[in-house]
Structure formats: C-alpha cells, structure tokens
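Asks: Those protein sequence lines, which keep their order, are chains A and B.
With this note's numbering applied, the first sequence covers 300 to 686.
With this note's numbering applied, the second sequence covers 300 to 686.
Treat the hints with caution; some may be incorrect.
One copy or any two copies: either way a pair holds, since identical chains are not told apart in the list.
[As the list claims (entries may be wrong)] Derived EDC-like pairs (lysine to aspartate or glutamate); straight-line CA-CA distance at most 16 Å:
| id | residue 1 | residue 2 |
| --- | --- | --- |
| 1 | Lys628 | Asp676 |
| 2 | Lys344 | Glu669 |
| 3 | Lys606 | Glu559 |
| 4 | Lys487 | Asp396 |
| 5 | Lys344 | Glu666 |
| 6 | Lys494 | Glu414 |
| 7 | Lys659 | Asp648 |
| 8 | Lys344 | Asp668 |
| 9 | Lys599 | Glu323 |
| 10 | Lys316 | Asp648 |
I should point out that these hints are in silico values taken from the structure, not numbers from a laboratory.
Number of protein chains: 2
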Amino acid sequence: MKSAFIIIDGLGNIPGKSPLDEIELKNINELVKNGRAGIYYSVGKGIVPGSDIAHLYIFGYNFEHYCGRGPLEALGLGIKLQKGDIAFRTNFALIEDDVVLDRRAGRIKNEYAKELEKKINEKLSIKGYEVIFKASNEHRGVLVIRGRGLSKDITDTDPGKDGLKMQKCLPKNEGAKKTAEIVNRISKQIKEILKGEKANALLLRGAGEHKDVESFEEKHGLKAEMIAGGSLYKGVARYVSIEAKDIKGATGDINSNYKEKLKAAINAKEKNDVVFIHLKAPDNYGHDGNKEGKIKALEKIDKEIIKGIMDNFEVIVLTGDHATPWQLKRHSSHPVPLIAYGETVGKDDVKHFSELHMLKGSLGILERDELIKFVKDWINKSKKLGS
Amino acid sequence: MKSAFIIIDGLGNIPGKSPLDEIELKNINELVKNGRAGIYYSVGKGIVPGSDIAHLYIFGYNFEHYCGRGPLEALGLGIKLQKGDIAFRTNFALIEDDVVLDRRAGRIKNEYAKELEKKINEKLSIKGYEVIFKASNEHRGVLVIRGRGLSKDITDTDPGKDGLKMQKCLPKNEGAKKTAEIVNRISKQIKEILKGEKANALLLRGAGEHKDVESFEEKHGLKAEMIAGGSLYKGVARYVSIEAKDIKGATGDINSNYKEKLKAAINAKEKNDVVFIHLKAPDNYGHDGNKEGKIKALEKIDKEIIKGIMDNFEVIVLTGDHATPWQLKRHSSHPVPLIAYGETVGKDDVKHFSELHMLKGSLGILERDELIKFVKDWINKSKKLGS
Numbered sequence: 300m301k302s303a304f305i306i307i308d309g310l311g312n313i314p315g316k317s318p319l320d321e322i323e324l325k326n327i328n329e330l331v332k333n334g335r336a337g338i339y340y341s342v343g344k345g346i347v348p349g350s351d352i353a354h355l356y357i358f359g360y361n362f363e364h365y366c367g368r369g370p371l372e373a374l375g376l377g378i379k380l381q382k383g384d385i386a387f388r389t390n391f392a393l394i395e396d397d398v399v400l401d402r403r404a405g406r407i408k409n410e411y412a413k414e415l416e417k418k419i420n421e422k423l424s425i426k427g428y429e430v431i432f433k434a435s436n437e438h439r440g441v442l443v444i445r446g447r448g449l450s451k452d453i454t455d456t457d458p459g460k461d462g463l464k465m466q467k468c469l470p471k472n473e474g475a476k477k478t479a480e481i482v483n484r485i486s487k488q489i490k491e492i493l494k495g496e497k498a499n500a501l502l503l504r505g506a507g508e509h510k511d512v513e514s515f516e517e518k519h520g521l522k523a524e525m526i527a528g529g530s531l532y533k534g535v536a537r538y539v540s541i542e543a544k545d546i547k548g549a550t551g552d553i554n555s556n557y558k559e560k561l562k563a564a565i566n567a568k569e570k571n572d573v574v575f576i577h578l579k580a581p582d583n584y585g586h587d588g589n590k591e592g593k594i595k596a597l598e599k600i601d602k603e604i605i606k607g608i609m610d611n612f613e614v615i616v617l618t619g620d621h622a623t624p625w626q627l628k629r630h631s632s633h634p635v636p637l638i639a640y641g642e643t644v645g646k647d648d649v650k651h652f653s654e655l656h657m658l659k660g661s662l663g664i665l666e667r668d669e670l671i672k673f674v675k676d677w678i679n680k681s682k683k684l685g686s
Numbered sequence: 300m301k302s303a304f305i306i307i308d309g310l311g312n313i314p315g316k317s318p319l320d321e322i323e324l325k326n327i328n329e330l331v332k333n334g335r336a337g338i339y340y341s342v343g344k345g346i347v348p349g350s351d352i353a354h355l356y357i358f359g360y361n362f363e364h365y366c367g368r369g370p371l372e373a374l375g376l377g378i379k380l381q382k383g384d385i386a387f388r389t390n391f392a393l394i395e396d397d398v399v400l401d402r403r404a405g406r407i408k409n410e411y412a413k414e415l416e417k418k419i420n421e422k423l424s425i426k427g428y429e430v431i432f433k434a435s436n437e438h439r440g441v442l443v444i445r446g447r448g449l450s451k452d453i454t455d456t457d458p459g460k461d462g463l464k465m466q467k468c469l470p471k472n473e474g475a476k477k478t479a480e481i482v483n484r485i486s487k488q489i490k491e492i493l494k495g496e497k498a499n500a501l502l503l504r505g506a507g508e509h510k511d512v513e514s515f516e517e518k519h520g521l522k523a524e525m526i527a528g529g530s531l532y533k534g535v536a537r538y539v540s541i542e543a544k545d546i547k548g549a550t551g552d553i554n555s556n557y558k559e560k561l562k563a564a565i566n567a568k569e570k571n572d573v574v575f576i577h578l579k580a581p582d583n584y585g586h587d588g589n590k591e592g593k594i595k596a597l598e599k600i601d602k603e604i605i606k607g608i609m610d611n612f613e614v615i616v617l618t619g620d621h622a623t624p625w626q627l628k629r630h631s632s633h634p635v636p637l638i639a640y641g642e643t644v645g646k647d648d649v650k651h652f653s654e655l656h657m658l659k660g661s662l663g664i665l666e667r668d669e670l671i672k673f674v675k676d677w678i679n680k681s682k683k684l685g686s
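Assemble the whole structure, with the sequences as input and the hints as a guide.
Replies: In structure tokens, the structure reads:
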C-alpha cells in the first residue's frame with residue numbers, strides 16, 4: 300500500500316474565523332466524509348513553527364537535528380553538502396560606501412544574477428577553502444564555505460534593512476574567529492568582483508553548519524519522495540535523504556505547475572511508500588493578509604491536485620505544516636486541520652473541512668512524529684514493539 | 300475502595316468499520332451509560348504494541364524495563380528467575396541431518412512433552428551453569444540458563460521456518476561468545492537426549508536477560524493481582540511483582556473457565572487495591588480475521604464476566620492492550636476503547652460501546668501510565684504532588 304502525504308503550507312486559520320468555514324472544497328470534503336479527521340500540531344501545542352522546522356518535525360525529526368536555514372536552502376538549490384560545511388542565505392544588494400541602499404538590488408532578474416554568479420565563482424579565491432556561490436531567484440542565493448575548522452557561530456553581514464551599513468562578520472566565540480575572518484575576506488573580494496554592477500555586494504545571513512542526520516528510510520523503514528517547488532522544502536527533504544527532484548514549472552506559488560507536480564507524485568508512487576506533496580500558495584496569501592487569495596489557492600489545490608491523488612493512492616493524509624491566518628499575516632500556533640483517508644484508516648462522522656469540525660474528529664490531536672507513525676501502520680509497514 | 304481493571308486483549312478495531320458498531324453488549328453498555336468513556340493508547344499514539352510491551356506499559360512501566368519475551372514466558376510458567384538469567388522460548392521440532400522438517404514436531408501432546416522435559420532435565424548438564432527447561436503447551440516451552448557472565452546478545456537456533464537448517468547460535472558481540480558456546484553445547488546435548496523421539500530437537504529463540512525492576516507496589520503504592528490464563532500475561536505481571544496465580548481451566552482462549560476467573564478476581568479483592576483481569580479470546584479471533592468469533596467472544600465476556608465484576612467492585616476500568624482489527628489480522632495502532640465506572644469517576648453522555656462513541660467521551664485520549672494514575676485517584680489512593 301502506498302500513501303500520499305499532502306502538506307498544504309500555512310493551512311491553519313483562527314478557529315471560528317476561518318476561510319474554511321465559508322467554502323466547500325468538493326474533493327477534500329470527500330476525503331473528510333470517507334476518512335477520519337483530527338488536528339495536527341507539527342512541532343507541538345503552542346509553538347509557532349518556521350517552515351523548515353515544521354517540515355523537519357513532520358518527517359519525524361526534532362530540534363536537535365536542525366542545522367539552520369543556510370544549509371537547507373543550499374541543499375534545496377542542489378548543492379551537495381558535506382559535514383562541517385558552513386552555508387548562508389545571501390542577498391545581492393546595492394551599496395554605497397558600505398551603506399546598504401537596497402537590500403534586494405532592485406530584485407534583479409535571474410539571468411543577470413546568473414551572470415554575477417559566474418563572475419563570483421570564477422574569481423573568488425580563499426586559500427585552503429572551497430567557496431561555492433549559487434544564485435537562486437531574483438536577488439536570493441546561497442554561499443557555502445568548505446574546509447577544516449569552520450564554525451557557524453558568527454554574525455550576519457546583512458544588516459536586515461536598508462540605510463544601515465553592511466556589517467562586519469564577528470565571531471560569537473573564540474573558536475569562530477577564523478571563520479569570521481574568512482567571511483570578511485569573502486565579502487571584500489566579492490565587492491571588488493562586483494564593482495560597477497547595479498548589484499555590487501553580497502549580504503550573508505543565517506549561517507548554519509551541515510550535519511549528518513539519520514536518513515528518513517533508516518529512521519522509519521519507509522522509502523519516501525518529496526514533491527515540492529520551493530527550494531527550502533526540497534532542501535529539508537534532501538537533508539534527511541528524502542529524494543526531491545526538481546520539477547518543471549513547480550514554483551512554490553499559485554502559478555505552480557500542478558499538472559507536473561501531480562504527475563511527479565504519481566510517478567513517485569511505485570518506488571516509494573510515502574510521497575510527500577508540498578503546496579505552498581495558501582501560506583503566501585496568509586502572509587499577504589489576503590483571505591480571497593487563500594480561498595482561491597485552496598480551491599485550485601482541491602480541483603487540480605486532490606482528485607488525481609484520490610484516484611492513485613490507497614492512503615491519503617492531508618494536513619499543513621502550520622497555520623498562517625490571513626488576519627495575522629504570519630505563522631501562528633493555531634490548529635491545523637488533518638484528514639486521513641483509506642481502508643486501513645477507518646472513518647468517522649465529520650463532514651466538513653474546517654478547524655472546528657476537525658477538532659471533533661476521531662484522530663484527536665496529533666503532534667510531531669505521532670502522525671508519521673500512524674501513517675506507517677496504515678500502509679502496513681509498522682513493526683510491533685515487543686512481541 | 301477496590302478496582303477491577305479489565306484488559307480485553309486486542310479489543311480495538313478500525314473506527315467506523317468496527318464489530319462494536321453492530322452489537323449491543325448489555326452489561327458493558329451499562330458501564331458506558333453510567334461511567335465515562337475515552338480512548339487508551341497503551342504505548343502511545345501511532346505505535347503497534349506487542350502484547351508483552353503493552354502490558355508493561357499498562358502497569359506503568361516503559362521500554363527501558365523490557366527484558367525480552369523469553370524471561371516473561373519463563374516467569375509465566377512459574378520459573379523463579381534471578382537477575383542475569385538468560386531465558387529463551389523454545390519449540391520441540393523434528394529434524395533430520397539438522398534440517399528442520401517440522402518446527403512444531405506435529406504439535407505434540409502435552410503429556411509427551413512433559414516426558415521429554417523430564418528426560419532433558421535429568422540428563423542435560425553444563426558444568427558451572429544451571430539449565431532449566433520447562434514444557435508448556437504442545438511443542439512450546441522455555442529454557443533458562445543461570446550462571447556468571449551470561450549475555451542475551453546471541454542469535455536464535457530456530458530458523459523460523461521449516462526446511463531450513465537448525466542454526467548455530469552466534470554471539471552478537473565479544474562479550475556474548477561464551478554464552479553462544481554454551482547454547483551450542485546445550486543444543487547438541489538435547490539432540491543426543493532426544494535421539495529417536497518424534498520431537499528430536501529443541502529450537503531456541505528470543506533470548507532475554509532477566510532484570511530486577513521496581514515492584515508495582517513500590518512504584519504506585521498499590522497492591523495488585525493479575526487474573527490471567529495465558530502464561531505471557533502472568534509472566535509480565537510477575538516480572539513487576541504483581542501476584543498471578545495459576546487458575547484452574549483458565550486457558551487464554553474462548554473456552555477459558557470464566558467462572559473460575561471471576562471467582563479468583565472476587566477473591567483477590569480483599570487483599571488488593573487493583574485486580575487486573577485479562578481476557579484473551581477477542582485477540583485470537585482478530586488474528587484469525589474472524590469477525591463473528593470476535594463478536595461472540597465479546598458477548599461471552601459481557602455475559603459471564605462483566606456482571607459479576609459490577610456486583611463486586613466499586614471502581615471498574617475496562618480497556619484493551621491494543622487493537623487487533625479482524626480486517627488486518629494483526630495488532631495495529633488503532634484506538635482502543637476505554638470505560639471507567641464508579642462513584643468517584645463520574646459519568647458522561649456516551650451511551651454505546653464503540654471506538655467512535657468512546658472518542659467523544661469525557662476521558663479523552665489517555666496514554667501509557669496516565670490511566671493507572673487516574674485509577675489510583677479514583678480509589679482514593681493518590682498522594683498529592685506538592686503540598
């Protein structure tokens with residue numbers, strides 16, 4: 300038996316004030332009527348999870364496995380990391396006398412960013428260390444430093460807003476002095492390389508150290524693949540050795556190529572026990588405070604993804620990584636709906652997909668790795684504890 | 300106040316597809332109507348518990364206290380174990396040139412097994428070590444090795460299926476070499492002792508090391524007795540120093556002598572705070588995929604046990620160790636119904652005994668030692684934490 304595990308990013312809302320109370324999602328409600336309902340708190344009750352942490356917990360890991368955002372983004376962009384690598388998220392910026400005039404360098408075009416990437420990688424050189432830079436979308440990118448004795452305990456060079464000076468990288472402890480010095484040399488070299496460009500500096504933030512973690516397959520005895528557009532989600536998956544292919548036109552927003560994602564999910568079925576499918580758009584609209592947008596994104600998912608999944612998988616789990624209520628424009632600790640559907644799962648009497656209805660469901664409230672453990676049993680892959 | 304804690308083995312089912320939805324258990328429904336309902340996950344959400352582990356958790360212990368199946372079976376058969384003893388489950392088998400022709404030696408009769416037991420115990424001799432063999436039912440039995448420096452980290456001699464060679468016992472680490480060597484000497488001697496018999500070998504599996512664990516009374520401040528037929532359940536009870544008498548005609552199946560078990564439970568009341576009553580038959584039928592059998596077993600329990608318990612105990616708890624849905628023919632992670640009944644417990648508005656109804660009960664979802672802690676308070680035996 301195979302399972303599809305659908306993660307709708309930012310799915311949850313303020314109960315009783317939820318867009319889900321106002322809409323009828325035809326296919327999702329079919330799952331609700333023929334399956335079991337509940338609530339899922341990915342990281343635990345009362346916690347406001349970041350997207351990276353939320354996914355790490357969904358996969359059954361916890362905070363001690365977290366390596367920071369930098370390495371996850373780097374993995375998501377296809378960089379093969381090694382244990383001890385230090386990775387940053389980067390912004391191309393426009394500076395003048397070290398004052399940041401525009402932290403996003405006018406949101407430069409991807410083609411231009413790729414030209415700058417090439418220049419940097421050709422010219423940048425730190426003796427004894429390997430430095431890898433990769434541009435991603437617009438001004439965004441990642442930078443990785445590889446070599447002996449590096450530390451993640453350093454400050455950002457990104458001041459976080461326009462009008463402030465680009466910061467000198469400082470060590471947070473004695474053991475990080477060398478790394479901070481290397482980062483400052485890298486910043487200086489890049490400024491020289493980019494002199495005269497309209498993106499003439501690279502700001503670094505969120506240093507993280509790549510760790511070796513037990514693979515998802517070792518941990519759970521389950522083969523899994525991640526279908527996602529956004530690089531962060533592919534990165535978290537790859538971090539725990541879940542395969543995450545790059546999918547044509549999967550963008551991580553409402554214009555994502557759902558046809559290709561659905562096809563990829565169905566293709567992934569044969570070789571895997573669990574196919575995770577990440578759908579980003581509702582979170583984006585939550586952050587924008589756009590209730591109608593969130594509704595439209597959910598309706599699109601219901602129409603273009605759910606039916607195809609129902610036709611192809613025996614066990615279906617649908618939930619979110621966290622809530623992003625449109626009223627709050629941010630992640631929150633509010634309840635996230637959970638549906639599980641399949642012969643081995645059973646059914647209850649909940650009929651409508653919303654926070655308040657789900658709270659009456661037969662799955663109750665699940666947290667952290669409890670959900671993936673249930674999934675394992677629903678697809679007949681659990682091993683008895685004891686005998 | 301005294302409590303009866305009824306454990307119906309394999310009680311749980313797939314919610315919404317449960318035999319419990321189809322039947323009216325008169326006495327159990329009396330408990331439901333006048334008590335409080337909930338769900339109990341003995342080992343935790345998403346876990347598929349073995350019977351031994353499930354009972355250990357019901358008693359308020361956890362995985363770190365687990366010693367493996369061998370010692371528990373040995374205790375259940377009345378062998379007094381000492382710390383460091385290594386115990387195995389055994390099968391009489393028929394072999395030829397070390398190839399196992401029949402792992403159960405034609406399910407030999409108990410009387411014949413007892414003859415072989417006598418022969419083995421008379422002749423088997425390993426210098427410096429005590430070896431105790433005990434036959435139980437048909438081909439089954441246990442073997443205990445007692446002496447210094449033994450290890451449980453050894454492999455089985457039982458190949459697990461017919462047609463394969465009886466295995467040499469191998470050490471899993473350096474410290475287990477001597478034990479493996481002793482086991483191989485035992486296997487060889489037994490083959491010589493049984494030469495010419497139609498059960499001419501003894502296969503060993505599931506080595507475990509007996510540990511000293513805190514007694515149930517020390518742990519909870521409660522005196523308890525276990526009323527059970529199956530040796531494993533008596534063994535788990537004895538492992539935590541809960542008395543478990545051998546009850547005439549209590550067999551661990553539907554033909555068990557429920558009259559004697561009920562009498563034993565009522566007799567146990569005076570000297571104890573909690574009387575555990577284990578009822579095995581529904582689990583057997585679950586494993587067989589026999590829905591009607593499971594229903595019949597529950598109806599028999601309802602008629603022959605529950606009424607008598609209601610007439611004699613002030614507080615009654617009824618739940619299961621795990622689910623054994625007839626559709627799956629195996630243990631599963633599905634919800635297990637829970638009822639608690641008594642003046643001090645209270646009542647709610649749940650009226651029918653099934654997974655979906657229980658999920659709406661006022662006890663909510665309880666896990667692990669939460670249940671025994673509530674029981675302790677319901678019989679007025681809890682001590683305040685703090686002041």
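Asks: Hint by hint, say whether it matches the structure.
Replies: Status of each hint after checking the structure:
1. Taking identical chains as interchangeable, the C-alpha atoms of Lys628 and Asp676 lie at most 16 Å apart only when they sit on different chains, with a minimum of 13 Å there against 36 Å within one chain.
2. Taking CA atoms no more than 16 Å apart as the test, Lys344 paired with Glu669 passes in both settings, with 13 Å inside one copy and 6 Å between copies.
3. In this assembly of identical chains, the alpha carbons of Lys606 and Glu559 lie at most 16 Å apart only when taken from the same copy (14 Å versus 57 Å across copies).
4. For the identical chains of this complex, Lys487 and Asp396 are intra-copy neighbours only, at 12 Å inside a copy versus 78 Å across copies, given an alpha-carbon limit of 16 Å.
5. For a Cα distance limit of 16 Å, the shortest separation of Lys344 from Glu666 qualifies both inside one copy, at 8 Å, and across copies, at 9 Å.
6. Taking the shortest Cα distances, Lys494 and Glu414 sit within 16 Å of each other inside one copy (14 Å), while across copies they are farther apart (83 Å).
7. In this homomeric assembly, Lys659 and Asp648 come within 16 Å of each other (Cα to Cα) both inside a single copy, at 9 Å, and across copies, at 11 Å.
8. In this assembly of identical chains, the alpha carbons of Lys344 and Asp668 lie at most 16 Å apart whether taken from the same copy (13 Å) or from different copies (9 Å).
9. Within a single copy, Lys599 and Glu323 get their C-alpha atoms as close as 12 Å, which meets the 16 Å cut-off; across copies the closest is 45 Å, which misses it.
10. Proximity of Lys316 and Asp648 under a CA criterion of 16 Å is satisfied inter-copy only: 12 Å between copies versus 22 Å inside one chain copy.
Against the hints set out earlier in the document, no violation occurs for any number.
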